[in-house]
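Quick note, the sequences are listed as chains A and B, same order.
To convert, note that position 48 of the first sequence is 48 in the working numbering; the numbers rise steadily by one, no gaps.
To convert, note that position 678 of the second sequence is 1678 in the working numbering; the numbers rise steadily by one, no gaps.
Don't read these hints as lab results, they were simulated from the structure.
Only a predicted model underlies this, so the values are computations on that prediction, with no experimental measurement involved.
There could be a bad hint or two in this list.
[Stated by the list, open to error] Straight line, CA to CA, 25 Å or less: simulated DSS-like cross-link-like pairs of lysine-lysine:
(1) A:K87 x A:K64
(2) A:K64 x A:K75
(3) B:K1060 x B:K1015
(4) A:K19 x A:K87
(5) B:K1598 x B:K1652
(6) A:K75 x B:K1598
(7) A:K98 x A:K87
(8) A:K19 x A:K64
(9) A:K64 x B:K1060
(10) B:K1015 x A:K64
(11) A:K19 x A:K98
(12) B:K1015 x A:K75
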Amino acid sequence: MTKQKADLLQGTLDLLILKALQHEPMHGFGVAGRIAQMSQDMLMVEQGSLYPALYRLEEQGWIKAEWGVSENNRKARFYSLTAAGRKQLQTEQDSWAKLSTAINLVLGNV
Amino acid sequence: MRFLRRFRGLFRRRKLEADMAEEMRVHLEMLAERNRTAGMSADEARFAAQREFGGVEQIKEIVREQRGGLWLAQLGQDLRYAGRTLRKAPGFAVVVVLTLALGVGLNTVVFSFYHLLVAKPLAARAPEQILRVSADDRRFQAPFTLDEVLDLRARLRSASAVVASSPLQVVLMGAATEDHQLPAALQFVSENYFPALGVPAVLGRTFAPGERAVAVISYDAWQRRFNGAPGIVGQTVKLRGVPVTVVGVAPERFGGTTPPSSADFWLPLDEQPEVLPNFDWARNRSSRIWQVQVRRLDGVTPGQVGAEVATIASSWRQPDGKPLRTKTEVATFFQLAGAQVHAVGVTLLLAVGLILLVGCINIVNLIHARNLSRSQEVAIRLALGASRGRLIRQLCAESLLLGLSGGLVGFVIAFWSCEAIRTWATGLIRGITMGTWSPFLDLAPDLTVFGYSVGLALVASLLTGLRPAWLSASVNVDDAIKRRTGAPGTIGAKAGRNRLLAVQIAASLLLLAGTALLLASARRSLTTDPGFDSHHLLTVVAWSNINNNVTSAPDQLQRAREIEERLRRVPGIVGVASADRAPFTGHTSTAYVTDDGKWMNGCITMNVTGDYFSTLGLRIVAGRTFTETETTDAANVLIVSESAARHLWPGKNPLGRQLETAHSERDRTPAVRYTVVGVVQDARLTNLSEVDDIDLFLPRAATAMWLVRTQGKPEALIHPIFTELGALDPKLPSQTAVWTLEEGSMRVQRMFAKVPADIALALGGIALALAAVGIYGVVSFLVARRTHEIGVRLALGARPGDVVALVLRQNLRAVAWGAGMGLAGAAGISILLTRLVLNAEMPDITYGAGAFPIGPYAGALVVLLAVLTVAAWLPARRAAKVDPVEALRAE
Chain A
1 MTKQKADLLQ GTLDLLILKA LQHEPMHGFG VAGRIAQMSQ DMLMVEQGSL
51 YPALYRLEEQ GWIKAEWGVS ENNRKARFYS LTAAGRKQLQ TEQDSWAKLS
101 TAINLVLGNV
Chain B
1001 MRFLRRFRGL FRRRKLEADM AEEMRVHLEM LAERNRTAGM SADEARFAAQ
1051 REFGGVEQIK EIVREQRGGL WLAQLGQDLR YAGRTLRKAP GFAVVVVLTL
1101 ALGVGLNTVV FSFYHLLVAK PLAARAPEQI LRVSADDRRF QAPFTLDEVL
1151 DLRARLRSAS AVVASSPLQV VLMGAATEDH QLPAALQFVS ENYFPALGVP
1201 AVLGRTFAPG ERAVAVISYD AWQRRFNGAP GIVGQTVKLR GVPVTVVGVA
1251 PERFGGTTPP SSADFWLPLD EQPEVLPNFD WARNRSSRIW QVQVRRLDGV
1301 TPGQVGAEVA TIASSWRQPD GKPLRTKTEV ATFFQLAGAQ VHAVGVTLLL
1351 AVGLILLVGC INIVNLIHAR NLSRSQEVAI RLALGASRGR LIRQLCAESL
1401 LLGLSGGLVG FVIAFWSCEA IRTWATGLIR GITMGTWSPF LDLAPDLTVF
1451 GYSVGLALVA SLLTGLRPAW LSASVNVDDA IKRRTGAPGT IGAKAGRNRL
1501 LAVQIAASLL LLAGTALLLA SARRSLTTDP GFDSHHLLTV VAWSNINNNV
1551 TSAPDQLQRA REIEERLRRV PGIVGVASAD RAPFTGHTST AYVTDDGKWM
1601 NGCITMNVTG DYFSTLGLRI VAGRTFTETE TTDAANVLIV SESAARHLWP
1651 GKNPLGRQLE TAHSERDRTP AVRYTVVGVV QDARLTNLSE VDDIDLFLPR
1701 AATAMWLVRT QGKPEALIHP IFTELGALDP KLPSQTAVWT LEEGSMRVQR
1751 MFAKVPADIA LALGGIALAL AAVGIYGVVS FLVARRTHEI GVRLALGARP
1801 GDVVALVLRQ NLRAVAWGAG MGLAGAAGIS ILLTRLVLNA EMPDITYGAG
1851 AFPIGPYAGA LVVLLAVLTV AAWLPARRAA KVDPVEALRA E
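Chain B with its partners taken away, still in its complex shape (with noise of 0.2 Å):
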């Protein structure tokens, strides 16, 4: 009722001010008539009225405000009027705007890249139901063996479905003709995936219940391999060579349950051992490679399933006798929030943020001069009865409209931003892994980062905003209207300002240090020698081979033998060796039992060929490689690090030692026994800024990857190599892959250092621009404002080098304070990444350079000094050619 009157109020106005008028008109007539019965004349008796009733506009005002719905039409009043002032200060909103569009859009592209890593959910229905379940095995979670999905599925009340998917796994894929055949990657499923995880086809539909050489393709390999053709309803595919029907076509924003990459296709589960022969997923009921989902039914709590799920696992036998530990989380896009994804998440999101604080104080110093040349106007506004507060609102609405305004245009900059990366991104990978790789990176802007930028957008406004208004608004009336150069605060501003130089020069200073210390590292990078040559060494891969099981069928170890004989044909190769990964492209570890019954996590583990070391060019420092024998019956040696055996067995000789794999205790897998034959020299083979701790070397022949070393440039051999090969069989260029080692997995490597650093530059660049313009800005502030002064003092004999020293010292207090500030600050954010980020599970990105590198960190403060300086002294240079003459006459 209150409110319905209210509402009503804001229509009546008119009708309101209409009434006070004369209202107010007819009460000063009375006031008058009964002066002129007291004797005074009609002037007198008017002027008395008025002095006798005030300021008929004030209480207009009061009246005004204190009807309560009024605040809605006041809002849009403002900033209708804010639109108005705004538009004949064109250049100003622009380049405020474009301020904090920067600053925003910047934001947004790191949130959401944050928000994609740590919380972003499955692009599925109603995706709070789903939740993952994981087998908790401390250090990582690992899947479920496909005994264990079946009985969850047959026990687990609390939810609707379970559901299981494989990893990822790399075929060929042949449409109409044979010849060319494209890499794919599959993923099997159980035949519900999709329906509970509510994800329908968006052409043609998913599995039907027990039916088998089908398929669901990706939105994305449905548009890159089929240029989105509809007839692909229907089409049979070769997988591997074996027939399968493509029966629907995920959505687009569906990048199934093993981001970031992306399957190409689904298959049924039980579709398994027709396509990948080779391996027992589906069959052997021991391998522990199912991810598992599952639908948690209306009004069941995640806790009360994942205790469900720890009481069916309780009963699951396990090799060791020791029982299996499950954890069941809410499922989210990616699945990762380890306290390393916060700390690196939080600290960029703190880097941006500091480029949003120091354009926001750019923004301040521009409100702050604005309003200040408006002070007449303030006053005047002030003596015609405006409320302080309400002039305070008028100026907030300004920023208001400003800040929204920077916030959607900040938006869309990201929007575009993120959708560039991801291309950028997605054919990277692409192209580095030859198209085997599809990562899915589902960086759309949803909701809760549409929220933060408008949040962020609002905040910054607010905070822009607001000082300048108080400031702007606390202005002495009769002082303001009298002299036109009256200054609110002057004395107060200046300090204020002077702090917020301050705050720029430590948050640029913070930038640019991460940024000495990132280019530092990228630079490093590029001169870290691997512990071999890697400059002569070319890795060739044959699709149509490839399998990661070294115990392969005959006829494809028969053609590996045929390659790699043509491989060793080709003049001005010296060296051929076959291995199961080439450097840098990801490791498998094992855990392993010496034989005084150490217990070993995280044993890197290749298979290789006794020609591997020699090709490579890493040397054996005791015993010997393996020999031809060993690797055809795959014998059960091995040849281990430096510092593999010292981790195995410290001070003592490695050879002869034995090593046990783990879980030989398991009930279906014999124990394994391998014997040391071999010691090799250390190498950085899994991470180019460390040496490996643990390598082992098994004699296995892999059938599909081979690395070789030439004796001149890599790149003049790879014609030669592809001639060779077709000459073995036509089909084979078209269906291998050729690159050296330095352009390959090694450039990747190198990105890991560069791209972090090149990001940097950036934004310590943005930053130190921005902190530039502020300095800048403020000098001309001053010189300005001091222009009468200044002329006073050249007037009497000071020389413009004194000026300008005079007008430079005035910051120098600021500029002192930030750097401390700055540097403290970089020393401690250094610290807590060291702590946080620089352990075992990461690369370390720093290449070795550790916390806090003298070198870097006094480099970034010579930079910004060395700008400051300019920054400063140009304005400053004009003070000194101030005339004085026409200072002077100027007041």
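Extracted from the complex, chain A is given alone in its bound form (with noise of 0.2 Å):
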């Protein structure tokens, strides 16, 4: 939770967000459930990141947030992706790829 921490998973963090929400608009308890579903609870996010990520991301921009009823029938705040979140999404997800190409290849994993 310091901060230098936050800041080296900054990057990777705000990708995941993206990528969670790309399908469908999903409240900050389902990002984190999302992520972790997609990676066989591989990565947990925890809150003390999750949410100044996602207040961040909508600062940028890149996703809008409406409160609107969960599946329990309870008040909870949804974020969707903006058409630039979309964009950035693209560019990210290019850009990770050309990343971790890279390391493996550093690696001799490929």
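Both chains come to you apart, so use the hints to assemble them.
Printed below as a string of structure tokens:
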């Protein structure tokens, strides 16, 4: 939860959140759950990083938030991708692909 | 766009807070629900959810912080919070603000003077365009002849105007009645003077082209002599008997272009032969007296103007055939920027800077102690989710608020002090010079001075606030909450405090050493013997007969002879001599060439009668004094002082040798050769602090000033002199000033030593008091923190004396370090100042004490150590009185 750690994770976490929101609007709890599910519980997002990231992405205009009603009839804040967010997701996916290929090449894992 | 969004964000804060709170509450509920589904009890599920989620408030704070525009809102918040907490500790706030105000105020006063001397622009329109041009004679900057001024005006293309102004000349001014004539200072200026400088009249107008017999009065003279009556415009005044119409009043802040003296009246240059017929400034085109300012055109650099001036000046023929070098620089109020001015200015700034430093260290200790008592509050806020950065900012906001308040109060104090000093100095100088000299000191603070005050206060507040805030915020949350006395960084803080104490002691010692040095000088100035008996001398000045030119009108000579005869008749007067200057009232120095071909600058030349030496009590050591005929004929003979003889003809008999005026090659002035007829003993006639280098005396009768030797107390004869002069002419007493040499010019000389000593005493005293408060505070603090330990020691049998010694020992090292650094610093500064200041150009205000006087420095050290011991002993004694039982129970 220290600042340094958050900074290191920042880029990746943003990508994961955008990806989780790709198909449908979701609340914060749902985003965390989706990321865990998609990564087969290998990536656990701490709430301490999740909410700052969500508010940051909203500030940047990549996602937008609306109050809605959850599956359990709870009032919840739903996040969805904006047009700019979709474009950003694409960009980040591409650069992540490049980065991971490059790192794999370096490590000789290909 | 981004900025706009952030800005809007400021106003959406409330919505954000609500959103965040609700959203996280929902998240927690969802987590709890999941846990319940997994089989936990309701309570268990809720606690597990909270553990998993982490600190809600911490997360909120991170979100808040990453919203960029928020810092502004936070700053406002922090300042408001600081204001509230400070209101709860008014004693603390007042002490800090006053300490800062004192420091900033002192610094601002000194800076105001320094700024005035070095950089303050003329109170004119677009002052940066006004350049001062001078003939550069390496040693001093000489003015121009009228021919040169006119040539410059005709040919200079890069300037829109060339203005000329004469030196000030004191004449008698009479308003309606002839009887009440007072001295007034005149200055002759080119008729474009006011419009070209961009100085409009506040009342009436300035000169019209070709106008004669008119004058512009200074604001100060208008207030002082005419009580600010609006009827002054159009009024006729008589200047030296010549009627002149006042056409306007100059602005209050305009003091002319020859500071520090302001003219009372400005007259058109062409008027000079009328008002001062004995001078030939306007007619004789070779008198080098006109000071020149030019206003450069837009888009022309000062360098370009300087180059054009130099080109034009190179065509002017010089008497000695050498080219005339010129210097062109941006005109400032004083046009002083020599190394000596900077050296004195920077030394004074350092001195008052040290006081601010000593005060700041006290504030650091105060803030630190205060923060320590707030460590629990700080810990709770950390626990509740405040980040350390935010806490440091918040604690600094408090310092910022204190600093700004201190700065503003300090600025107001400085403003008043400057005004008071100005009034005091102006009145003093006017009194001593019998109203002939009106000094003009424009000490009104401008933006630069204000910026300096505020900047200094900000730096001081950051310096004082940052460290305590840092120490305070690095508290260990757990420890601080559990143990009420949790001390953040106690060990480091203690070492830091001792270092600060050492700095305080060093700074105080530095100031005290300077004070001791100057006090010793002031004491020496009281006992310095000028080389003659100065206690039985009077100076008599007849304003009505004033005229510095010795070849004056016959009626003035006649009147002077009558006055002298009357003076001789007063019982109790044993000697009367006329002289163009009384001792210690400034001097004229001239260059001469000896018959060996040696060129000698800086010869102090005085016009005296043959009785001068016997009246003053100066011994003729060889040759003779002037005869009466020599004086009446203004014969070309001279008497030299012993040291003058040594300088001019080393190892040879000066009698019969000859001197020639150095500017004899000048076309219109015939060469003058003087033959030495006598040698007089050395004396201090220019500066009381040192024997004159080269004194030359010429046999000329001055017409307005006499030196009178009395048998008894000189004061007793002032009244009889007035009576005697009244018998000669009833108007004469009102136009004559009589004062004793001791109370007149010698008092001024002693003030040169006394005023710096008084200032230093005040500064040294303040520094010492602040340092004493500092060590008192630190020792009290340590005693308070070690009460428990002291209790144990006493319970185990330590005697009170041991406890006092224990507490005092804690600071021994700091005191030793401080004293060492202080003495080293004092020595360094002394050496620097000796190099820069104490040379032939300036009077030696240390009266020969030199660079590192052991006596005064040792005295300063003793005083400092004594005060510090008392300051530390008071709280230490309190420690020894601790009741062991109470102390142990207190924990």
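Hints, verified against the model:
1. A:K87 x A:K64: Satisfied, since the Cα-Cα distance of roughly 14 Å is no more than 25 Å.
2. A:K64 x A:K75: holds (16 Å)
3. B:K1060 x B:K1015: Holds - the C-alpha atoms of B:K1015 and B:K1060 are around 13 Å apart, at most 25 Å.
4. A:K19 x A:K87: holds (11 Å)
5. B:K1598 x B:K1652: With Cα atoms ~14 Å apart, B:K1598 and B:K1652 stay inside 25 Å; holds.
6. A:K75 x B:K1598: violated (106 Å)
7. A:K98 x A:K87: holds (17 Å)
8. A:K19 x A:K64: Holds: A:K19 and A:K64 sit about 14 Å apart, inside 25 Å.
9. A:K64 x B:K1060: holds (18 Å)
10. B:K1015 x A:K64: holds (15 Å)
11. A:K19 x A:K98: holds (17 Å)
12. B:K1015 x A:K75: holds (16 Å)
The structure is inconsistent with hint 6 alone, although it conforms to all the rest.
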